[in-house]
Amino acid sequence: MSLMKRNVLLSALTAATLILASTAAQAEMVLHRGNGAEPETMDPQKSTGVTEANIQYEIFEGLTTYSPDGEVVPGMAEKWDVSDDGKTYTFHLRDAKWSNGDPVTAEDFVYSFQRLVDPAIAADYAPIADPILNAEQIRKGEEKDLTKLGVKAVDAKTFEVTLARPAPYFLGLIRHNTFLPVHKATVEKFGQDWTKPGNMVGNGAFTMESWTPQASMALAKSPSYYDAANVKLDKIVYYPTEDISEEFKRYRAGELHITYEVPSDQIKFIEANMKDEYEAKPYLGTYYYVVNGTREAGSKKEVREALALAIDREAIAEKVTGGSFLPGYSWVPPGMIGYKTQYVSFKDMPKQQRIAKAKELLAAAGYGPDNPLNMEILYNTSENHKKIAIAVQSMWKAIGVNATLNNQEWQVYLDTRDEKQFDVARAGWIGDFADPVTFLDLFLSDAGVRNDAGYNNPEYDKLVKNSFGIGDPETRLASLQRAEQIFLNDLPIIPILTYKTKHMVSKKVQGWAYNNLDFHLGRYMSVQ
Amino acid sequence: MLHYVMRRLGGAVPTLFIIIAGAFFMMRLAPGGPFARERRVPPEVEANLMKAYHLDEPLWQQFLRYLNGLLHGDFGPSFKYKDFAVADLIFGGFPVSLQLGGIAIALALVIGVTLGIWAALRQNSWIDYASMSVSMVGIAVPNFVVAPILTLVIGLQLQLLPVGGWGRPSHYVLPVIALCLPQIAAIARLTRASMIEVLSSNYVRTARAKGLPARLTISRHAIRAAILPVVSYLGPAIAGIITGSVVVEQIFSIPGIGRYFVQGSLNRDYTLVMGVTVFYGALVILCNLIADLLYGVLDPKVRYD
Amino acid sequence: MSVADITLGTAPEVKGRSLWADARHRFLRNKAAVTSLVIFCIIALACFLAPHLGLRAPDDINWELESWGPPNLELGYLLGTDANNRDLFVRLLYGGQVSLLVGFTATLVSLVIGVIWGATAGFIGGRVDGFMMRIVDILYSIPFIFFVIMLTVVFGRHITLIYIAIGAVSWLDMARIVRGQTISIRRREYIEAAEASGVSKWRIITRHVIPNCMGPVVVYVTLTVPNVILIESFISFLGMGVQEPDSSWGTLISEAAVVMEIAPWAIIGTGSMLAITLLSLNFIGDGMRDALDPRDR
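Residue numbers (this note's numbering), protein chains in the order written: chain A, 90 to 617; chain B, 136 to 440; chain C, 1338 to 1634.
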């Protein structure tokens, strides 16, 4: 009797929870997303990483923004005009509101753009604004007057930007999260605390509801967003997921809908068991080895070419990384609209021939069995970097190069690289925007520490710098293509792989689309 | 006794000062800096950053600035997590680590001491061998193996508990297990060893010879003496456990402060490292003091003079 | 046979049987300890003689195989392959060299410094004790990871640094435990008697205090060896330990732990190697403790 009673009670309870759970599910549509690391800051101008950008694009909206498949689409600017010389952009703002009800005005953009280059803010990414008139001078402290920046509020709804040079990629550039607008009154009122939940004011599809560092950040749908009618999610929760194999487990347990990464060791398992949830597509990034051109061996072109020839990129992409990268034969990764991908000369050469040629080149440079070439590969701590370095080491062994491995902790590695205390160092570069310039200006002879190969070719410099002044997209890209051809012929760096964007995306998620910048806005998504 | 405590606390001030100074200057010797990144910032931007965080001042001036802040209860802003002050991060994460670590250590103490005494009373029996072998496995299998096994089997395959995350009571279970296993093992072994020692000592033998029942001898005399090494082990161990474990926190996505020790050092987040070091140093001193006081309570031969 | 004969006959034997001979005798009677010693010697020999056993090289990549492939007896891959298609079993043996060396060197360092430091502080007491334990407190309170980074920065990166770094932190626990024991031993009657009869402090420490602490110390040593091996793996995990292509048990296990679902043999193989070693060390330690205990005849 008592047992039955208890059973009845139990089932009643279960029923009650079920009803509660289902009403809750109807009431709230929540997306759970893994986001790599803990974001460093929610202040757009001060941020540096993809982790921060992912969340900031939900909370703020720039002049232009991303469509699901990565196209430039109107954001706060409903439409825009470009002057004939390509130097003046006039943006006509739509009627949009901040989450506290204030209208979004051109003044907000003036304030935010000035903030990006203001030396007192000390934004890491300030140089990204360099195409704007006087931006470079202001961030370097040569021009003290912030108002000299080439931005202007013509009226409340018209924002005008004057460039120092034509930049046909400007509409894509200003989608970068460091150009997102911030609410002046809020920033000034709260100071450093303005990004805390409760204080923060945004103009995007979501607002920050809570933020527990190292645990989660919850965003709630913003009712004041201009397109709120089409936003389906009620809530997005972002989780820092540093341990990627645990992130994958949480995904499999149903705790996450979208992962930030996919562990390369698990790809075999994934392809066998959950193939249609695995999204791996080309990304605008190149994984490469920098050869230190200021050292004797590295300064010889034969040596660099031999090292590049000996690497079997297909084996690394397939066997070592489990297909989570693509073999890379170019510096500017494929996928830049309008740009013809340039490749190294030996792309189609058979493997045996490559190795034979590599040996020849080494011998020509004076290295052989009696005088073997010794090279140290520098890489920072990471499972993938380690595996790739071990593979490269054995491939170089085949052409008689004695490579040793030097694994350093991140900060020590950066220091060693900046001081140029290496023979060969692993590096990677992800484009900030979809234009070859984001790759090519890295190796200008005056690019400072960013040019870690110490590359210096006046012809290359000339072609890249000339392109800055060319307004016609086609001529400009042709000039850049020639520059990359020279670059790949000199081989100051050895391209090895092209990055892929890798995510697990649950079948419950609708509205997810691939794009090669890898930004996926919550306003387009829904959860079944 | 009160005099002793006051003296110890007074002595802690110079200790803390040495810790602060040591950590502060050691850290600046490490290569890299808080603003070094894959995309190297141009020199003028770096200069702006250095200025914004007072890193352009001479080192001694920065040290004085830091000490002054500390005296006013200000740990400074975090260099890496720019939206937070170091104090926000520490006092936000510490309760979490404290709860987890506190439960784990209490559990470990109960199980470990019981296991150790039991094994000692049945020395060289199968119970002894079995419990010691099991506890050895607890030590031999590292955290970063135990935790993934727990998440895989209990979280993913049996679906009994969440794999990771924080907020509900069910989130406590797996991390507590992962945290307390090695502690159980260590405590059990220490207890067993000193219990065997105590059981063969004269006063226990005398008590037995006088006809005191075995149960009473053990509970009144032996255990008290036998847990002395455990107490001196626990002093520093507690400080370590309640400040969290980077492995456990990372694997289970727990917002404790354990990972700041490693992340802070790796990111060269100077203020954060200083903050956790000062905090940890103070905790260690406090725990050691408590352990020493407990020693006095448990061992009548020790006097504080 | 007379009574005198017996006394004459046994006296030299009692004299010749030293504490150590006695201990050895008792140790050899302990079956668990002896078996463990044999197992441990086999493992250690296999690790250190690995280069002479005719195995393939630890950095030999076989591109024909898959990464984390299953054991393949035909080709001689006893534990299958690692992430880079190398022979995991061979790497386990070579890794053992590093782990065992780190384990024993660092433990020895911690034993010597810790015991002397703790016994001295506990015995002398007063200001000296306060001062010595304050140094321990200070070292305790500095995050370990930072200490390691500093060492690698100042001296460059070398495997001996790991020995030093780990030894330098693990003696602290030892010192505290020995000190605690000493404080309680110090108050015992026989020490007071020795002090009263004018035996020097140093002699009391070495002849009476340290031997009487041996029980907990030996147990703590059996805790320190595994701990040191684990600390080493943590340092390697952060990128400051052994350099590829060298490995250690800790690194191999942490790599295998990630893929335990797709390559369970890898974690079982590497994990049991470590577990067996540590278990046998533990039984050896227990055997030694029992053998050395003067009251346990």
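Calculated directly from the structure, the hints in this document are not laboratory data. Be careful, since some hints might not be right.
BS3-like, lysine-lysine: derived pairs with alpha carbons at most 30 Å apart [said to hold, decoys possible]:
| hint | chain 1 | residue 1 | chain 2 | residue 2 |
| --- | --- | --- | --- | --- |
| 1 | A | Lys-390 | A | Lys-364 |
| 2 | A | Lys-233 | B | Lys-345 |
| 3 | B | Lys-186 | A | Lys-233 |
| 4 | A | Lys-370 | A | Lys-390 |
| 5 | B | Lys-217 | A | Lys-237 |
| 6 | B | Lys-217 | A | Lys-229 |
| 7 | B | Lys-186 | A | Lys-229 |
| 8 | A | Lys-440 | A | Lys-486 |
| 9 | B | Lys-345 | A | Lys-273 |
| 10 | A | Lys-278 | B | Lys-186 |
| 11 | B | Lys-186 | A | Lys-285 |
| 12 | A | Lys-229 | A | Lys-509 |
| 13 | A | Lys-436 | A | Lys-551 |
| 14 | A | Lys-237 | B | Lys-345 |
Hints versus structure:
no.	hint	result
1	A/Lys-390 to A/Lys-364	43 Å, violated
2	A/Lys-233 to B/Lys-345	92 Å, violated
3	B/Lys-186 to A/Lys-233	16 Å, holds
4	A/Lys-370 to A/Lys-390	33 Å, violated
5	B/Lys-217 to A/Lys-237	28 Å, holds
6	B/Lys-217 to A/Lys-229	22 Å, holds
7	B/Lys-186 to A/Lys-229	13 Å, holds
8	A/Lys-440 to A/Lys-486	15 Å, holds
9	B/Lys-345 to A/Lys-273	84 Å, violated
10	A/Lys-278 to B/Lys-186	23 Å, holds
11	B/Lys-186 to A/Lys-285	24 Å, holds
12	A/Lys-229 to A/Lys-509	25 Å, holds
13	A/Lys-436 to A/Lys-551	26 Å, holds
14	A/Lys-237 to B/Lys-345	97 Å, violated
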